Amino acid sequence: MTTVSSPSSPWQNPDSTPASDSDPTSPPHHRDRGDDAESLDSFSSMTLNAEDFNLPDRIPDSNRYLNTQTHTSPLESNSPTTTPPPSLLHLSFNQDHACFAVGTARGFLILNCDPFREIFRRDFARGVAVVEMLFRCNILALVGGGPDPQYPPNKVMIWDDHQSRCIGELSFRSEVRSVRLRRDRIVVVLEQKIFVYNFVDLKLMHQIETFANPKGLCAVSQGAGSMVLVCPGLQKGQVRIEHYASKRTKFVLAHDSRIACFALTQDGSLLATASSKGTLVRIFNTVDGTLRQEVVRRGADRAEIYSLAFSSNAEWLAVSSDKGTVHVFGLKVNSGVKDTPRIASNVTRPTSPSSSLSLFKGVLPKYFSSEWSVAQFRLVEGTQYIVAFGHQKNTVVILGMDGSFYRCQFDPVNGGEMSQLEYHNCLKSPSVF
Numbered sequence: 001m002t003t004v005s006s007p008s009s010p011w012q013n014p015d016s017t018p019a020s021d022s023d024p025t026s027p028p029h030h031r032d033r034g035d036d037a038e039s040l041d042s043f044s045s046m047t048l049n050a051e052d053f054n055l056p057d058r059i060p061d062s063n064r065y066l067n068t069q070t071h072t073s074p075l076e077s078n079s080p081t082t083t084p085p086p087s088l089l090h091l092s093f094n095q096d097h098a099c100f101a102v103g104t105a106r107g108f109l110i111l112n113c114d115p116f117r118e119i120f121r122r123d124f125a126r127g128v129a130v131v132e133m134l135f136r137c138n139i140l141a142l143v144g145g146g147p148d149p150q151y152p153p154n155k156v157m158i159w160d161d162h163q164s165r166c167i168g169e170l171s172f173r174s175e176v177r178s179v180r181l182r183r184d185r186i187v188v189v190l191e192q193k194i195f196v197y198n199f200v201d202l203k204l205m206h207q208i209e210t211f212a213n214p215k216g217l218c219a220v221s222q223g224a225g226s227m228v229l230v231c232p233g234l235q236k237g238q239v240r241i242e243h244y245a246s247k248r249t250k251f252v253l254a255h256d257s258r259i260a261c262f263a264l265t266q267d268g269s270l271l272a273t274a275s276s277k278g279t280l281v282r283i284f285n286t287v288d289g290t291l292r293q294e295v296v297r298r299g300a301d302r303a304e305i306y307s308l309a310f311s312s313n314a315e316w317l318a319v320s321s322d323k324g325t326v327h328v329f330g331l332k333v334n335s336g337v338k339d340t341p342r343i344a345s346n347v348t349r350p351t352s353p354s355s356s357l358s359l360f361k362g363v364l365p366k367y368f369s370s371e372w373s374v375a376q377f378r379l380v381e382g383t384q385y386i387v388a389f390g391h392q393k394n395t396v397v398i399l400g401m402d403g404s405f406y407r408c409q410f411d412p413v414n415g416g417e418m419s420q421l422e423y424h425n426c427l428k429s430p431s432v433f
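Our numbering puts the first residue of the sequence shown at 1, with every later residue one more than the last.
Derived by calculation from the structure, the hints in this document are not laboratory data. Values in this document were obtained by computation on a predicted structure and should not be read as measured data. Note that CB positions come from ideal geometry on N, CA and C, so glycine has one too. One or more hints might be untrue.
Straight-line C-alpha distance at most 16 Å; calculated EDC-like pairs for lysine to aspartate or glutamate [what the hints assert, rightly or not]:
#1 Lys-277 <-> Glu-294
#2 Lys-277 <-> Glu-304
#3 Lys-215 <-> Glu-175
#4 Lys-236 <-> Glu-191
The calculated label-pair distances, taken between Cβ atoms and stated as ranges, are [claimed, not checked]:
#5 Leu-253 <-> His-162: 39 to 47 Å
#6 Val-287 <-> Asp-256: 19 to 27 Å
#7 Glu-417 <-> Asn-313: 21 to 29 Å
Required output: the full structure, derived from the provided sequences and hints.
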């Protein structure tokens, strides 16, 4: 296997000259280990096309489907679990939200959202804390984690599921917090630094200093064309926007308190941010940094925002928090439509009642009305959930760190409580690990 070390990695060959921090375009050092070098040569010459490298539609005979029978939600039943599920370390959607990855204390599995089913799983002896997919490609990025990690937490392992082994790795001096993939880039997030690599040859393209980022917050655009990257800036409440096509960097002071969560539209034109206070979500234009809209989470108490997600057409925004409710907001700006900041008005879309501006005097900008969510779905409070919009119209997929999977539907006209279409727990099947 061929390994690649970061410029500051203590694991690189001492005889080599490391790339300088002052020259972010310097390539990292490559170490060859005999015959295994052929693996990365093959990887480097691959065209990472999701259409060419699809995950299997069916699980091999050695694996079994998860039980896809619709179960009763834990909100409706308190039946005990016969065997404790494995410790869940990671949840993430792939780039188009068609699949999701689960990392546990004993490996990882990949599941399809609609219909809900296990695509494949890999049983390891130890834990995997990051599983980053590349659409439905066979290449994944893995990072070990948990009390007994499968791989060192300071390494990103490039896993080829066709070969069922790692074909490359990236090493760093500190723990890897998260990884983001595009067809042309690998983005590795450390607590105070981000490295951007070319996917084909693992050449270091860019490195970014950030404010303390223990959550590994980072978002990259997935549309065709050059990448837009968003990460924490250099001070509390600030975000940094990198437009690689125009080689422009934009800093936006999005909030007074620390950034808790953010999300990009697929094309990278709009950015949603939430702070540690968790009462407001702000929508920015990434090109000029202007504030386009603000939405208000119901309830004036503080909340920890866990997840933000745009719909594919940027018409809706989903928000999850530690209060146990997923909200869907209607957006008045959308990707590719340029408008000007609105004058304050009590007139809103009929399905999204607006509260009086006087209630938030001194909090909201004068040109914004405070907009409540259109639809809500109640969950078990205290569990961390992530959200995405489903491929079927007006549907939301919700994943919980307790292994829960919900698919819900909202009424875009009348709003109100979402209806639950299905519920599963991906960790309760006896076939899982």
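Results for each hint:
Only pairs whose Cα atoms come within 16 Å are accepted, and Lys-277 paired with Glu-294 is accepted, the gap being roughly 14 Å. A C-alpha spacing of about 7 Å is found between Lys-277 and Glu-304, which places the hinted pair at or below 16 Å, so the restraint holds. Between the alpha carbons of Lys-215 and Glu-175 the distance comes to roughly 11 Å, so the proposed pair stays at or under 16 Å and holds. Between Lys-236 and Glu-191 the alpha-carbon distance is near 14 Å, which keeps this suggested pair within the 16 Å criterion.
Separated by about 46 Å at the C-beta atoms, Leu-253 and His-162 satisfy the suggested range of 39 to 47 Å. For the pair Val-287 and Asp-256, the supplied restraint of 19 to 27 Å holds, since their beta-carbon distance comes to about 24 Å. A C-beta distance of roughly 23 Å is found between Glu-417 and Asn-313, which places it inside the suggested range of 21 to 29 Å.
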